[in-house]
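Chain Y is already provided as a structure; the job is to place chain U on it using the hints.
There are 2 protein chains.
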Amino acid sequence: MNTRPNPRGRLLLVPTPLDFGCAVQPPIQQTLPESTLLATAQVQHWITENAKSTRAFLKRVGEVHALAAPIQSQQITELPREVHKKGDHQSGGFDARPMLAAALQGHDVGLVSEAGMPAVADPGSSVVRAAHDLGLEVLPLVGPVSLLLALAASGLNGQNFAFVGYLPQDGAERAARIKQLELLAHKTGQTQMWIETPYRNAAMLSALVQALQGGTRLSIASGLTLPSAKIQSHTVAAWKKGLTGPDGHTPAVYAIGP
Amino acid sequence: MNTRPNPRGRLLLVPTPLDFGCAVQPPIQQTLPESTLLATAQVQHWITENAKSTRAFLKRVGEVHALAAPIQSQQITELPREVHKKGDHQSGGFDARPMLAAALQGHDVGLVSEAGMPAVADPGSSVVRAAHDLGLEVLPLVGPVSLLLALAASGLNGQNFAFVGYLPQDGAERAARIKQLELLAHKTGQTQMWIETPYRNAAMLSALVQALQGGTRLSIASGLTLPSAKIQSHTVAAWKKGLTGPDGHTPAVYAIGP
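These protein sequence lines map, in sequence, to chains Y and U.
Under the working numbering, residues 817 to 1074 are what the first sequence spells out, in order.
Under the working numbering, residues 817 to 1074 are what the second sequence spells out, in order.
Next comes chain Y alone, as it looks inside the complex (with noise of 0.2 Å):
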């Protein structure tokens, strides 16, 4: 009897559209492209933040492209809350491997997060650093990445720059931090960007025009790929005479630098 060793599966990176949570959805082959799409609805095994969400984006792929499986029968996990808290460098380890034993298995299992690339300013890292622990191969899939078009989009420096996540929610520790990150990009040229949740977008406005110097370049990005999408990059002394920032409904991208 013949036998040949059983395939292994791979780990798909899934990337969503930016438009988690919005009133308007724009047609998902609006920002997906076609291999993305043919790639995901083969996938019936998945590990996600959040289940429910990734139900509502399969329904969205499977009105474009039959998927493999009703979603009622595909298998959802949800990573572990410790990692969506912390993220998954500051848990202490977390092994992601028994995530995986689908692949093992030879099935592709896919990641995906609410809304972008997982595993970039989202949670996921660790499920794809076991895959790689466990000899599988990974397949990064393109799809819309809210910081680099926000990058893009800014005319700050996009050949050095940083991601650093999110400012600490204290007024002083805020402030310190954003001089801190201001000393970085003017010494060395490195943009700086992070991230906050939309209803903070106001109070962050507001403690960067205090915090930071005029000349410095301060770029907010918001709503990318969306009708309402506004890219604003201005030097702080611009910024100081009244521009709005984005409202606190939309996530926004923050950028600085000389």
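It is worth saying that the hints were derived from the structure and are not from the lab.
From a predicted model like this one, the values you see are computed outputs, not experimental measurements.
Keep in mind that a hint or two might mislead.
Put simply, identical chains are the same to the list, so a pair is met inside one copy or across any two.
[Unchecked claim] Cut-off 25 Å, straight-line C-alpha distance, at most; resulting in silico cross-link-like pairs (SDA-like, lysine to any residue):
#, residue 1, residue 2
1, Lys-1046, Ala-857
2, Lys-1057, Pro-842
3, Lys-1003, Val-980
4, Lys-1003, Arg-993
5, Lys-1046, Glu-953
6, Lys-995, Gly-1005
Using the frame of chain Y, we list chain U on its own:
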């Protein structure tokens, strides 16, 4: 007679496939979503690194969607050599505003690079900055970005990362820079990324395994979005056991972290 203010054009940031210069070029729809292709087909004024490759790109777009004008009648302007060589932010403040004259006259202008997203790990941010200074709308279109695909697929921290461009070519300087980046990655948890010219891939890997500590994780991603895509993420100790990196013809993205 009815007059109305002349509407202004926008600056569109147009991503291109990552297969620049490759023998095998997958269909353009595989990596560029519908909305990017449609918007690109409408643009007739271009700012680019290289006019010849922009024409080749437009030919591929034209095979999918009718172009608004024949390629030979489109206006294609190359960025000054100085910006290619030194980058937008090291050549003493290149003023790109004159290049955007067509936008002031109401035409959309497309900014495009050889591969991937313009102004990210590529020249062009001066043009984006000039657009903001002229009050033009800047619209980044969705497409492949090798840096972020590489980061997502690395298994390294994607919630705190930096891209630093190229490392020094001189052996001693390069080794010192590698150790400096490693120290930073371990101290702050920030993933450090860079790129290298393909023919130096082997020399880079050799320098890395010599300079880095055994426990540091090194990810090398090459051929992203191509059938030959390879993402290798291992500890330096594992790399030292003789793993082969990317060949000398394929662009690669390097990343290290704890």
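Quick rundown of the hints versus the structure:
Taking the closest pair of Cα atoms, Lys-1046 and Ala-857 come within 25 Å of each other only across two copies (23 Å); inside a single copy the shortest separation is 32 Å, beyond that limit. Taking the closest pair of Cα atoms, Lys-1057 and Pro-842 never come within 25 Å of each other, the shortest separation being 34 Å inside a single copy and 49 Å across copies. With identical chains, the CA atoms of Lys-1003 and Val-980 are at most 25 Å apart both within one copy (17 Å) and between copies (14 Å). In this assembly of identical chains, the alpha carbons of Lys-1003 and Arg-993 lie at most 25 Å apart whether taken from the same copy (15 Å) or from different copies (17 Å).
With identical chains, the CA atoms of Lys-1046 and Glu-953 are at most 25 Å apart between copies only, with a shortest distance of 8 Å across copies and 37 Å within one. In this assembly of identical chains, the alpha carbons of Lys-995 and Gly-1005 lie at most 25 Å apart whether taken from the same copy (15 Å) or from different copies (20 Å).
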